[in-house]
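Chains as they are written, first to last, in the numbering used here: chain C, 7 to 310; chain V, 7 to 310.
Worth flagging that the hints you see were computed from the coordinates, not collected in a lab.
Some hints could be false.
Note: identical chains are not told apart, hence a pair may lie in one copy or across any two.
[Said to hold, decoys possible] Taking lysine-lysine and the DSS-like style, the derived pairs with C-alpha atoms no more than 27 Å apart in a straight line are:
#  : residue 1 : residue 2
1  : K150      : K66
2  : K221      : K150
3  : K309      : K124
4  : K264      : K173
5  : K66       : K174
6  : K309      : K88
7  : K221      : K257
8  : K66       : K173
9  : K124      : K88
10 : K124      : K150
11 : K309      : K173
12 : K257      : K309
13 : K284      : K201
14 : K257      : K284
15 : K174      : K274
All figures in this text were calculated on a predicted structure; none of them were measured in a lab.
Protein chains: 2
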Amino acid sequence: MSNIIVNINGECTDGASAKISVFDRGFLYGDSVYEVTQTIDQTPFLLEDHLVRLQNSAQKIGLTIPLSMIDLKKQMARALVKLNVKQAYIRVIITRGEGEIGLDPALAGTGNYVIITKELPDYPQTWYREGVSVIVANTLRNTKESVDPNVKSGNYLNNVLAYAEAKKLGAFDAIMLNHQGFVTECTTSNLWIVKDGVLFTPPLESGLLEGITRKHLLTLCQTHNLPLSVVPISEDELRAADEIFLTSTTKRCVPITKLDAAPIGSGKPGPVTLQISKLYDDFVDSLFTRERAEWAQVLKSLKT
Amino acid sequence: MSNIIVNINGECTDGASAKISVFDRGFLYGDSVYEVTQTIDQTPFLLEDHLVRLQNSAQKIGLTIPLSMIDLKKQMARALVKLNVKQAYIRVIITRGEGEIGLDPALAGTGNYVIITKELPDYPQTWYREGVSVIVANTLRNTKESVDPNVKSGNYLNNVLAYAEAKKLGAFDAIMLNHQGFVTECTTSNLWIVKDGVLFTPPLESGLLEGITRKHLLTLCQTHNLPLSVVPISEDELRAADEIFLTSTTKRCVPITKLDAAPIGSGKPGPVTLQISKLYDDFVDSLFTRERAEWAQVLKSLKT
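Kindly produce the complete structure, drawing on both the sequences and the hints.
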């Protein structure tokens, strides 16, 4: 718990002191929304995208965020300044607040916000050089009609159970199918396959979170005229892929070279995966100057 | 927050001081299981049943309960003795504990336990005399293949969303259907219908929590040779019922006399509902002497 700063409703503490009421609905029901990003050279990465998605998640479950996005950024900045590391993990959690115990959302008072910041080590280079091994989980992804996977909420047991299956088999992660047998996503990332030079990723209708890396990659494919198809992907199509990779904000593009212990394609990161990965890295690099300038404004506002 | 005692890992505090780490997986992911019961004349009601179900829920998601059931009872007793009210609400929450942030259950150390006790007022007599009004929610119940409704877990957003629909329409509660269109349960209770003198309740396969009141009622129906059928119930069958009622540990049998604003049967609590309700009250009364004696042993053990 060292090198952690948590900002709870404006109070910054270390990890050991960071506590929330047991009456908080995030604790009682998972009645919360969240986002995760990181800093690069002390600047939060793709922050605007994450804050837009946070608001979308909240809106979809009728949860009121108790502060403006400008104030939320300031509170993130306060934690990050105290933490003072080059590369930080940032998790922003907004809960519906606390009150009398009961399902009724109206029982809660004002929402609570919790910003967890901590030092983030680099991920192992072997993930990118050799690729990772995943399984197809028996646990199916929640449906849009019960708890929409496109709401990033504190109801994450579904993914915990799928991840536990992967862990048991020594795999890096698990791919989750929907109730129709189609691919949705991994437990914390989106999924892509390559077949005969064409990129495929499932549509939101398959039941998945609209990843921010996914969104930018879709645009990049258009810009660079890369053959792409956003269509439901069956388990058979997944297994017959030439390449598979996953995408997430902190992991970016990670090649998947083994599926249920069988090699995918050549068993090595494929050419399209590497091309996409490079395009994405260049794209986010190109955003950095603007992001740093915007963040400098937030830091400046702390002093006034 | 007055008249509340919370026991967190053996430390009893008032409601305002009752806090848990923001790194607790119950808070981060709803990675927890729980049970709710109440005391009657300072004796926990159907405690053994609830503790068996708690262990079943934990086992189903691979969560280790960090203390024995004997010790858990002692810790409940410590909170209840401090609370010292005639009729108390009791919520026992067991989480997978805290540790590094990540889906992997192995990242957690020992689990945490939280026992919330507070004074429980009597429910309004009108619920029982006149019946309550419910709706059929648009939110569908989680599936057994994603997050099994027969695990009483901290992933309760599904039910919160259904309840919010009911609240919006001024109803008492919401009935949730499964993805095949069959009735499952209300947001915190099981559901029963009566048609032509026969009782019907959905099987566990429809996707619902195995209620403790439900379990005892099934036995009582057999003992008293009441016509009963445990079969999937369609929405049409629900709407055409002569009587509907819900059951839960703290609410017991509550007649439902309106469904989506339309009267059910006569629009008044029906004869079978009242008969069942009486049978159940008599049954639990008959258990009380034994439950009180067993609880006296727990209280006695606190002093040694």
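Now the hints, each set against the structure:
1. K150 / K66: both (12 Å within a copy, 24 Å between copies)
2. K221 / K150: within (19 Å within a copy, 31 Å between copies)
3. K309 / K124: Only inside one copy: K309 and K124 sit 23 Å apart there, 45 Å across copies, limit 27 Å.
4. K264 / K173: Answer is within: at 15 Å inside a copy they meet the 27 Å cutoff, but 48 Å across does not.
5. K66 / K174: Between copies only: 15 Å across chains, 34 Å inside a chain, cut-off 27 Å.
6. K309 / K88: Within one copy only: 14 Å inside a chain, 48 Å across chains, cut-off 27 Å.
7. K221 / K257: within (15 Å within a copy, 48 Å between copies)
8. K66 / K173: between (32 Å within a copy, 17 Å between copies)
9. K124 / K88: within (10 Å within a copy, 39 Å between copies)
10. K124 / K150: Neither way: K124 and K150 sit 32 Å apart in one copy and 36 Å across, limit 27 Å.
11. K309 / K173: neither (46 Å within a copy, 44 Å between copies)
12. K257 / K309: Neither: 33 Å inside a copy, 55 Å across copies.
13. K284 / K201: within (19 Å within a copy, 66 Å between copies)
14. K257 / K284: Answer is within: at 13 Å inside a copy they meet the 27 Å cutoff, but 60 Å across does not.
15. K174 / K274: within (23 Å within a copy, 54 Å between copies)
When each numbered hint is compared with the structure, violations occur for hints 10, 11 and 12.
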